[in-house]
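Line order of the protein sequences matches chains Z and E.
Heads up: the first sequence begins at 1 in our numbering, then just goes up one per residue.
Heads up: the second sequence begins at 1 in our numbering, then just goes up one per residue.
In short, the hints are calculated from the structure, not lab data.
Misleading hints may appear alongside valid ones.
Chain E regions said to be covered by chain Z (calculated; three or more residues, Cβ under 8 Å) [stated by the list, open to error]:
1) 15-27
2) 34-48
3) 71-77
If you anchor each label on the Cβ, the simulated ranges turn out as follows [what the hints assert, rightly or not]:
4) Z:I407 <-> E:H83: 29 to 37 Å
5) E:E26 <-> Z:R133: 34 to 42 Å
6) E:W37 <-> Z:G226: 42 to 50 Å
7) E:S73 <-> Z:G282: 28 to 36 Å
8) E:W37 <-> Z:W20: 52 to 60 Å
9) E:H83 <-> Z:G331: 41 to 49 Å
10) E:E93 <-> Z:Y162: 55 to 63 Å
11) Z:I407 <-> E:S73: 34 to 42 Å
12) Z:I407 <-> E:V79: 35 to 43 Å
13) Z:Y162 <-> E:D22: 43 to 51 Å
14) E:E26 <-> Z:R390: 33 to 41 Å
15) E:D22 <-> Z:D129: 31 to 39 Å
Positions of the beta carbon are idealized from the N, C-alpha and C atoms, including for glycine.
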Amino acid sequence: MKPYSAWKVFVNGLTGQKGWDRAWRDPEPKTEYDVVIVGAGLHGLATAYYLAKNHGIKNIAVVEKGWLGGGNGGRNTTIVRSNYMLPGNREFYEHSLKLWENLSHDLNYNVMFSQRAHVTLLHSPAARDGAARRYNTMRLTGSDGELWDLETLKRNIPHLNYSADARFPIIGAMAQPRAGTARHDAVAWGYARGADQQGVDILQNCEVTGVARNGSTVTGLQTSRGVIRAKKIGFAVAGNTSRLWRMAELGKLPIESHKLQAFVSEPLKPLLDHVVVFGVGGAHFYISQSDKGGMVFGGDIDWYKSYAQRGNLPIVQDVAECATSILPCLGRVRLLRHWSGVMDMSMDGSPFICKTPLDNLYLNAGWNYGGFKASPASGWYFADLIANDRPDPVIANHTLDRFARGINIDERGAGPDPKLHG
Amino acid sequence: MLRISCPFCGVRDHSEFSYGGDASVEYPALDASESEWVEAVFQRENLDGVQFETWQHIQGCRMWIVVERDTRSHAIHSVRPAHEGIARALNAEQDGVSAS
Ligand SMILES: Cc1cc2nc3c(=O)[nH]c(=O)nc-3n(C[C@H](O)[C@H](O)[C@H](O)COP(=O)(O)OP(=O)(O)OC[C@H]3O[C@@H](n4cnc5c(N)ncnc54)[C@H](O)[C@@H]3O)c2cc1C
Ligand SMILES: [Zn+2]
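With these hints in hand, go ahead and build the complete structure from the sequences.
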């Protein structure tokens, strides 16, 4: 497989685009692999990529029931940031952000990572104090964070609703300048191509329908393309984790599946070159502008458990209200599309990258609605866990038994109710 | 919009209600073992299919109800008051028997 370059874009532009290879193969499943990852979302693909690249394991398959990147990986609002506060999360998300900063080069694939800053609006002195605490804590682990006063904010984003009569007048913002957005599809394609180049078999239209066990070992996976055996198996199926868990007869999980919607407007001329977050008095809203000009935004989950991958109307109203309240200039802009994905909401809002009750089964799940930014580090640490059969200290507490041990990682302080995290 | 038939108020939009959670969870006695409590508070079946779940009619009668709903299609199969005693009384009344 030949590397991509500006030169090749130029040459192919002159020669009718005939000089490109397939980005990845479409192989037949082998009967046995060293490692099989279930789920070709961003986490599964990144895991396979780092297993091959960092750990030299090449006999790997990623099995996917649909097409790669067709799940949440290709449905999200693409926000990347590392402004988390709790130990474990802080180091993890900062490592992820560092990987993002070099990802296009590493993959030889333009993931269009744009560090346009993540700007959370502040509406009260108490919120500003909370932001100062969070950002000071973050800076201890080397993440960047700034408090912006009203003047700085107005200089950066002049057209927000700064009216003193607003229901929640804006008094400033907290900003993470290194945060931003990336192109989600390109991340899936880049990791898929990078993994495939190292010999990983990506098996699409290959649904896992059963997990065969012999005592505490998984012996193989029944799939729609035949039985596949593996020495080690990793689940990275996001909102479908409980289904796979039941196939392995492992009982319950501290996870509920909920759906989250995303929205995109008709394309506009350049309007917003930051990610803006509005969260006060029950509102929860985030917005950015894509490179095609569409306003990309989202809000809360739909509040009731669902596997339907189909959003409901009250949230459309919610986000429209939030949009027009902070950016009244969007009032007459038309909504182009909205869609939804099934989220693996955990009991404390934090993920699991851990071993399981079965010797050769590993779990990657519980991403709530923040798993896009996590993809590089998630793949990195999950690959390390699978290869070395022990967790890196950074993910030592991202285990299923943390609730029994009383070490919940609850960024929001919302308590054990999955729908309240995110 | 889901339409939920509140046993007290009639059919209403789901946006009038607040979602509780899995109604099959049974909380153990206060002095039960820690592991029983961990199980009840944190562990979930997370069914893909028909489940019983609690909702509160927060912008109506404020009663808690149990809804039988398919989490794949959102189809609602039944609704009853969450409080067993009230459910019994309501049933009895519907059957024409005095609830007193
Ligand atoms: C609307 C929306 C907005 C979001 N916004 C953001 C954001 O701004 N920032 C952020 O950080 N995160 C965001 N997220 C969260 C993020 O997208 C997810 O946490 C992340 O993509 C989950 O990991 P994944 O990519 O591996 O999942 P997925 O892409 O869902 O991958 C899981 C894969 O497993 C496959 N699978 C399931 N069952 C089986 C089976 N039985 N056999 C084989 N394959 C199977 C699925 O088909 C799927 O392709 C958002 C999510 C949504 C839905
Ligand atoms: Zn009612």
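Each hint tested on the structure:
no., hint, verdict
1, 15-27, "holds (count 5)"
2, 34-48, "holds (count 12)"
3, 71-77, "holds (count 4)"
4, Z:I407 <-> E:H83: 29 to 37 Å, "holds, 36 Å"
5, E:E26 <-> Z:R133: 34 to 42 Å, "holds, 39 Å"
6, E:W37 <-> Z:G226: 42 to 50 Å, "holds, 43 Å"
7, E:S73 <-> Z:G282: 28 to 36 Å, "holds, 29 Å"
8, E:W37 <-> Z:W20: 52 to 60 Å, "holds, 58 Å"
9, E:H83 <-> Z:G331: 41 to 49 Å, "holds, 45 Å"
10, E:E93 <-> Z:Y162: 55 to 63 Å, "holds, 57 Å"
11, Z:I407 <-> E:S73: 34 to 42 Å, "holds, 38 Å"
12, Z:I407 <-> E:V79: 35 to 43 Å, "holds, 39 Å"
13, Z:Y162 <-> E:D22: 43 to 51 Å, "holds, 44 Å"
14, E:E26 <-> Z:R390: 33 to 41 Å, "holds, 37 Å"
15, E:D22 <-> Z:D129: 31 to 39 Å, "holds, 37 Å"
The structure is consistent with each of the numbered hints, conforming to all of them.
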